[in-house]
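So the protein sequences, as listed, match chains A and B. Residue numbering for the first sequence follows numbering that gives the first Met the number 0, starting at 0 and increasing by one per position. Residue numbering for the second sequence follows numbering that gives the first Met the number 0, starting at 0 and increasing by one per position.
These are calculated hints, taken from the structure and not from any lab test. Just so it is clear, the structure is predicted and the values come from calculations on it, not from any experiment. Incorrect hints may appear among the rest.
Below, simulated DSS-like cross-link-like pairs (lysine-lysine); rule was C-alpha separation at most 30 Å, straight line [what the hints assert, rightly or not]:
(1) A:K262 with A:K106
(2) A:K106 with B:K106
(3) A:K262 with A:K145
(4) B:K236 with A:K106
(5) B:K106 with B:K262
(6) B:K163 with A:K262
(7) B:K236 with B:K10
(8) A:K10 with A:K236
(9) B:K106 with A:K10
(10) B:K236 with A:K236
(11) A:K145 with A:K163
(12) A:K7 with A:K262
Label pairs and their computed distance ranges (CB to CB) [to be verified]:
(13) B:E327 with A:R206: 33 to 43 Å
(14) A:T267 with B:N211: 51 to 61 Å
(15) A:T277 with B:R180: 28 to 38 Å
(16) A:P86 with B:T59: 53 to 63 Å
(17) B:A70 with A:E323: 45 to 55 Å
Here are some of the chain A residues that sit facing chain B, going by a computed Cβ distance under 8 Å [said to hold, decoys possible]:
(18) R14
(19) P88
(20) R91
(21) N243
(22) I411
A virtual CB, placed ideally from N, CA and C, is assigned to each residue, including glycine.
Number of protein chains: 2
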Amino acid sequence: MTTQEILKAAKAACREASRLTTEQKNQALEVMAESLLAHTEAILEANAADMEAARGTLSTVMLDRLALTPARIAAMADGIRQVAALPDPVGRVLERIDRENGLHIEKLSVPIGVTAMIYESRPNVTSDAAVLAFKSGNVCVLRGGKEAFRSSLAIAEALRAGLKQCGICEDMIQLVRDTTRQSANELMTAVGYVDLLIPRGGAGLIRACVENATVPCIETGTGICHVYVDAAADVEKALNIIENAKTSRPSVCNAEEVCLVHKAIADTFLPRLRERLTNREQPVELRLDERAAAIIAGTPASERDFDTEFLDYILAVAVVDDVEAAIEHVAAHSTGHSDAVITEDAAVADRFVAAVDSAAVYVNASTRFTDGGEFGLGCEIGISTQKLHARGPMGLRELTTYKYVVRGNGQIR
Amino acid sequence: MTTQEILKAAKAACREASRLTTEQKNQALEVMAESLLAHTEAILEANAADMEAARGTLSTVMLDRLALTPARIAAMADGIRQVAALPDPVGRVLERIDRENGLHIEKLSVPIGVTAMIYESRPNVTSDAAVLAFKSGNVCVLRGGKEAFRSSLAIAEALRAGLKQCGICEDMIQLVRDTTRQSANELMTAVGYVDLLIPRGGAGLIRACVENATVPCIETGTGICHVYVDAAADVEKALNIIENAKTSRPSVCNAEEVCLVHKAIADTFLPRLRERLTNREQPVELRLDERAAAIIAGTPASERDFDTEFLDYILAVAVVDDVEAAIEHVAAHSTGHSDAVITEDAAVADRFVAAVDSAAVYVNASTRFTDGGEFGLGCEIGISTQKLHARGPMGLRELTTYKYVVRGNGQIR
């Protein structure tokens, strides 16, 4: 099937998808989980072929992202069952408005329609995205990276076999067969066919989608996250939070990239920070502004280091005059993902929270919590760093829109 | 000031705008209303110059849209006071989530930031858009049409004078000085400066924005609205609703453009429809599909007539087999704005409501009610016909986004 044919079939499947009952969807998800497990062998074979082709061209980290095992497939199936257990986001009455003229208005949550996703090398995204779209009544068109194509196809086929078993139109889950740039461009510009495009992957992919998409697109995931250590910080909390935010998983978007330290405590705090972050098995390279470099040893920071998502064991460090200077720095350099203040002073915390305009603003906690699961949304299809529609972790509800249903008895205006 | 300078000043004013209290905003709105009235003479002079320049180049309808009178200026001032009386959309706690690890999460409504609006010849949009943006804590960058430039500038200056009187940064309300295509393009591509772009005007303007914008943009206002008259329709209601939907204000987006009639009643209903719509001071031209043309006289419809927003005393009419055929027709031709079913059969109504995916779906009422005021939103900055962020009439709440504020006590992940 060509991408155009896939888009047409997806659009045609929308109405049936939106009409599925919660029970039908949950039963189908259970069958899809079983089907995925039943297809384990085929998926592993496809993955072995992907791995074979990728060896030598992908880094070890990327190869690990690509690799599937029976345990990882079982985890995907568990993930599907967890989605089945979540509340149905469709059909909620968000608002009731009764007008004096007798019109009864209901604002009702409905699926968005065709959600397209362009992603990179992790084949499990295929399953995650497909089931979240399905549970929210949407039809998905998935376009994964070429390195994972065979694995993604095998996963998609397993899920589609599950739909078929339930007598549900398989076209609700579609994988684009073409992994060239052309197919990505076709999705970005499929006006009238794609109701929502979500890119997931590196900054380059996301920028390409945001800049070239003529269909509605949600910018996700680039995180230059800051932790500001205030003069009134509890130093132990600060050290724990920074170590966690920087090192627990440096490759993810909610990891800390920049640490700002109030000048009043810089002399005492920075040596302890250096001790904590460099004296460990996987040491963190510190890139220091001039004021920090006057206190501790480290790499001199270039201007660019404060605008870089390192995704690595690297932390940019600057000394600032006060919370206002920290707020200015965040405003100038943050990607609006997650930024934190560490302070025991409630006024400083309130000021930071009010002035920092990011999807998630933290007081005395690690930025690593910006995650659908950690926020109690149950799942996550991505983290929006834009301001329209959804901000921060996007779960099932963020995959719905609404319509107004207006019931009257002959009212005219 | 160049457009770039205006954008920079707008961005710089965002933080102050987001910090204004409800009281400060409402007081300033009152002063702005007074200032607008106090500037009546200057505004009328500017408008006279616009009218003078436009005569001969604009149609009578467009000239009427452009014209200001003391009464119209007073109506704008009243509009400002009405916005002052509306609830503040900023600072609402949309959700509270308490996690087991002790994190307290609040989902808090906040302004979007810089909202840009590109519009055409009605100078009152300048005031409407500016005060809605201001009340919702946003900074606005307005770019009106060249025909109304002098009027818009005089209005913007009056509003800015009001802000200044209150000691509030005037840059929160900005009017772009350049009315060439270039300034529109600059706004559409001002990534990092414009958080939301709302085009308001004709289909061409809206399409240009949606296709060329690299900043988040909301598609507004094109309405190919349908009324489906079911076999079980109350004929009197149907006639009243169609006459109202078609003729009460044909130039607006929520006016009916297409009437679909169930075949079982076509023989009796169409002659009455024709009588009602053609036997009037301002007769409606009927463009009939073959089945309708076999019953009543009228213009034969071309295929394009069912995909045209006439905005005029013209109605396309088709006979359909049943509600399913009506739903198919709507799915194929509606712009997703407002579509109605006229029926006394609850099952048919429910089926239509469930299957039609438009911003507003009506049962036994005129499509003309799709309007912020009529929906009880108190005001309207536009009607979204897309599915992301906002759908249907956009009021103050739709000019806000949210952020997650996460308070902890040292939590790490």
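_Need the list of violated hint numbers for this structure, in ascending order._
Hints 1, 3, 5, 6, 7, 8, 9, 10, 12, 15, 19 and 20 contradicted; others consistent.
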